[in-house]
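Undergrad: Single-letter residue listing:
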Amino acid sequence: MDKLKVLYVDDEELNLQLFEINLSEIFNVITADSGEHGLEIILKEKDIAVVVSDMKMPSMNGIEFIKKAKEVDPTIQYYILTGFEITEEIRDALKTGLIKKYFRKPFDLDIIKGELLNAIK
Amino acid sequence: MDAITQEIKVVRNRVLNSALVVISIFGVISHSTALLRAIMHEFNATFYIQTFVLVLLVLTTVYRKKLSLGVKTFVFSSIIIIAIIAGMVAYGILASSTIFIVALPVFASFMIPLKRAVILLISLIGVYVLFGVLFSVGILEYAIEINTYLTDSSIWIIGSSIDTIIAASGILFVGHYFTKALIKNSSKIEEQKNELQKHKEILELIVQERTSDLENANKKLKNANEKVRDKNTKLKSTLKNLKKAQIQLVHSEKMASLGVLTAGVAHEINNPLNYILGGYTGLKHFLERNNSLNEEAEFLLNSIKTGIDKSAAIVSGLNEFSRDVEDFNEQCDIHMILDNCLLMLNNQIKNRITVTKGYTKDSSILEGNVGKLHQVFINLLTNACQAIGDKGEINITTIKEDNKFVTEISDSGAGISKENLSKIADPFFTTKEPGVGTGLGLSICFTIIKSHNGEIDIQSKPKQGTTVKVILPLKYVMNG
Numbered sequence: 001m002d003k004l005k006v007l008y009v010d011d012e013e014l015n016l017q018l019f020e021i022n023l024s025e026i027f028n029v030i031t032a033d034s035g036e037h038g039l040e041i042i043l044k045e046k047d048i049a050v051v052v053s054d055m056k057m058p059s060m061n062g063i064e065f066i067k068k069a070k071e072v073d074p075t076i077q078y079y080i081l082t083g084f085e086i087t088e089e090i091r092d093a094l095k096t097g098l099i100k101k102y103f104r105k106p107f108d109l110d111i112i113k114g115e116l117l118n119a120i121k
Numbered sequence: 122m123d124a125i126t127q128e129i130k131v132v133r134n135r136v137l138n139s140a141l142v143v144i145s146i147f148g149v150i151s152h153s154t155a156l157l158r159a160i161m162h163e164f165n166a167t168f169y170i171q172t173f174v175l176v177l178l179v180l181t182t183v184y185r186k187k188l189s190l191g192v193k194t195f196v197f198s199s200i201i202i203i204a205i206i207a208g209m210v211a212y213g214i215l216a217s218s219t220i221f222i223v224a225l226p227v228f229a230s231f232m233i234p235l236k237r238a239v240i241l242l243i244s245l246i247g248v249y250v251l252f253g254v255l256f257s258v259g260i261l262e263y264a265i266e267i268n269t270y271l272t273d274s275s276i277w278i279i280g281s282s283i284d285t286i287i288a289a290s291g292i293l294f295v296g297h298y299f300t301k302a303l304i305k306n307s308s309k310i311e312e313q314k315n316e317l318q319k320h321k322e323i324l325e326l327i328v329q330e331r332t333s334d335l336e337n338a339n340k341k342l343k344n345a346n347e348k349v350r351d352k353n354t355k356l357k358s359t360l361k362n363l364k365k366a367q368i369q370l371v372h373s374e375k376m377a378s379l380g381v382l383t384a385g386v387a388h389e390i391n392n393p394l395n396y397i398l399g400g401y402t403g404l405k406h407f408l409e410r411n412n413s414l415n416e417e418a419e420f421l422l423n424s425i426k427t428g429i430d431k432s433a434a435i436v437s438g439l440n441e442f443s444r445d446v447e448d449f450n451e452q453c454d455i456h457m458i459l460d461n462c463l464l465m466l467n468n469q470i471k472n473r474i475t476v477t478k479g480y481t482k483d484s485s486i487l488e489g490n491v492g493k494l495h496q497v498f499i500n501l502l503t504n505a506c507q508a509i510g511d512k513g514e515i516n517i518t519t520i521k522e523d524n525k526f527v528t529e530i531s532d533s534g535a536g537i538s539k540e541n542l543s544k545i546a547d548p549f550f551t552t553k554e555p556g557v558g559t560g561l562g563l564s565i566c567f568t569i570i571k572s573h574n575g576e577i578d579i580q581s582k583p584k585q586g587t588t589v590k591v592i593l594p595l596k597y598v599m600n601g
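As they're listed, the protein sequences go chains A and B. First residue of the first sequence? That's 1 in our numbering, and the numbers climb one at a time after it. First residue of the second sequence? That's 122 in our numbering, and the numbers climb one at a time after it.
What the hints contain is simulated information worked out from the structure, not anything from laboratory work. Among the hints, a few may not be true.
To be verified - Listed below are the simulated DSSO-like cross-link pairs for lysine-lysine, each with C-alpha atoms no more than 30 Å apart in a straight line:
no., chain 1, residue 1, chain 2, residue 2
1, B, K596, B, K553
2, B, K364, B, K539
3, B, K482, B, K544
4, B, K375, B, K521
5, B, K539, A, K113
6, A, K101, B, K596
7, B, K365, B, K521
8, B, K426, B, K357
9, A, K3, B, K405
10, B, K375, B, K571
11, B, K375, A, K101
12, A, K56, B, K431
13, A, K5, B, K596
14, A, K101, A, K67
15, B, K521, B, K482
16, B, K357, B, K340
17, B, K584, A, K101
18, B, K426, A, K3
19, A, K100, B, K361
20, A, K44, A, K113
21, B, K375, B, K590
22, A, K56, B, K375
23, A, K101, B, K365
24, A, K113, B, K426
25, A, K56, A, K5
26, B, K309, B, K321
27, B, K431, A, K100
28, A, K56, A, K46
29, B, K431, A, K113
30, A, K56, A, K100
31, B, K348, B, K361
32, B, K357, A, K100
33, B, K405, A, K5
34, B, K426, A, K56
35, B, K596, A, K95
36, A, K68, A, K113
37, B, K321, A, K56
38, A, K5, A, K70
Computed from a predicted structure; not experimentally measured.
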């Protein structure tokens, strides 16, 4: 079976690299450094299964990006990463089902791994 | 005084004028009898002198209104004296004009000062006596035939007319006039007395009015004063409340700033923590895959992980502590909050204070405000740490009683004296050095617990430590 495609969106280069190193064993990790790039990739690669996005990004924040991405591809499972406390925005997103779950930074990659595997089943 | 002197002068003038008139008339009449006598007996020097005197008198009388009082008095007196002397020269003791010796001083005493009238009398008596001596010695002789003279009816007539004049003058002018003047004066005095009485009454009325006005004004002032005092009291209490509100506002602002600061710091730290965690995870997997994960490597990796976990916990705790939410319906895990606080105070605790936790097995979750409860417990635990000198113990126990959650924190510290115990919740009350503590901590704790509808109880004895009991309801109810 082909490895599942996971898109990770974060404006920090280091985070992108670490994510890839740690998860590329199990998943097919694609990274994007902004919401706009993320959208491009979703359009290009039609079979992305999971999207994990950082919350705080310069031009478009995580929720805004996911809202737009959901319009393009609603089948994807979306997750948010945040260094802050849970905000209203995130709470609403959880309520409306926009995102499945949120992870706090610093995130334990093993935990994320577990969650993503679960989600796909 | 002047008016009275004036009045007297006027009266005297009038009297004198009237006297002059009457005496002139009588003088003329009596002189005509003297004329008769002279015709019958002889025209002597006396007669001529008397005539001269009469003329002078008449002239004075005619011009009486133009002459001064002094002049008239002098002329009048002089005329009388001349008449007396002239009479005595001729008729000795029989002179009818000797009556003037009595009449003139008496009359004069109304016009001139008493002393002068007496002097006048003495002078006239002197003259009379002198003449008496002159006659008895023989220097003077009677110019008339005594026997014939004594039985002459004209003498009687002259005598009675002079007596009449004198008496009439006395009665009419001195007696009547002065009485009239006296009466006028007395009636004037009466009048003035009445006026005075009237004024007195009016004055009394005015005084009464003014007094009652004053009393009213006084009453109004008292009322106003009362009102001012009331307002003052109210103002004082308002000021007190304002001060309290100000204190709380300042504290809120401080907490708000602190919240922003810690939130920023926490977030910034989270990022590097993320790198470390990512690196750690990668390294671990890399070594696992290459079977290089020996004990040493494992230990080293664990150290890194521990560091990350602790840092993350502190950051998370800080965030919890400075939450700026005002909701009281958050799920607050008291045990977690206590552990967070202990973590923050680790620096103060390690190697110095032994902490024993007697947590209840029941759920320690209740409804309230997470951030604020953090503030409370961090404050209480800080106080406990600071109360302990070199070494000591802190004991934390929690139990659930009915629908309340009870947390007890006791320390083996210095304790609080009885006087201070009643003041410790007062804002700004502190036993620390100035600048070290604000003295606000406990007062704010009390406020927070009160807003949770809970209670704080503090028991302490100097040198025996302090026990703080925090009772919180499990469910949050708004009022109360």
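Undergrad: Confirm or reject each hint.
TA: Hints, one by one, checked against the model:
no.: 1; hint: B:K596 with B:K553; verdict: 36 Å, violated
no.: 2; hint: B:K364 with B:K539; verdict: 27 Å, holds
no.: 3; hint: B:K482 with B:K544; verdict: 35 Å, violated
no.: 4; hint: B:K375 with B:K521; verdict: 33 Å, violated
no.: 5; hint: B:K539 with A:K113; verdict: 60 Å, violated
no.: 6; hint: A:K101 with B:K596; verdict: 28 Å, holds
no.: 7; hint: B:K365 with B:K521; verdict: 33 Å, violated
no.: 8; hint: B:K426 with B:K357; verdict: 60 Å, violated
no.: 9; hint: A:K3 with B:K405; verdict: 22 Å, holds
no.: 10; hint: B:K375 with B:K571; verdict: 20 Å, holds
no.: 11; hint: B:K375 with A:K101; verdict: 34 Å, violated
no.: 12; hint: A:K56 with B:K431; verdict: 24 Å, holds
no.: 13; hint: A:K5 with B:K596; verdict: 47 Å, violated
no.: 14; hint: A:K101 with A:K67; verdict: 15 Å, holds
no.: 15; hint: B:K521 with B:K482; verdict: 9 Å, holds
no.: 16; hint: B:K357 with B:K340; verdict: 25 Å, holds
no.: 17; hint: B:K584 with A:K101; verdict: 53 Å, violated
no.: 18; hint: B:K426 with A:K3; verdict: 29 Å, holds
no.: 19; hint: A:K100 with B:K361; verdict: 53 Å, violated
no.: 20; hint: A:K44 with A:K113; verdict: 24 Å, holds
no.: 21; hint: B:K375 with B:K590; verdict: 26 Å, holds
no.: 22; hint: A:K56 with B:K375; verdict: 27 Å, holds
no.: 23; hint: A:K101 with B:K365; verdict: 44 Å, violated
no.: 24; hint: A:K113 with B:K426; verdict: 18 Å, holds
no.: 25; hint: A:K56 with A:K5; verdict: 23 Å, holds
no.: 26; hint: B:K309 with B:K321; verdict: 18 Å, holds
no.: 27; hint: B:K431 with A:K100; verdict: 28 Å, holds
no.: 28; hint: A:K56 with A:K46; verdict: 26 Å, holds
no.: 29; hint: B:K431 with A:K113; verdict: 22 Å, holds
no.: 30; hint: A:K56 with A:K100; verdict: 18 Å, holds
no.: 31; hint: B:K348 with B:K361; verdict: 20 Å, holds
no.: 32; hint: B:K357 with A:K100; verdict: 58 Å, violated
no.: 33; hint: B:K405 with A:K5; verdict: 23 Å, holds
no.: 34; hint: B:K426 with A:K56; verdict: 25 Å, holds
no.: 35; hint: B:K596 with A:K95; verdict: 25 Å, holds
no.: 36; hint: A:K68 with A:K113; verdict: 25 Å, holds
no.: 37; hint: B:K321 with A:K56; verdict: 100 Å, violated
no.: 38; hint: A:K5 with A:K70; verdict: 16 Å, holds
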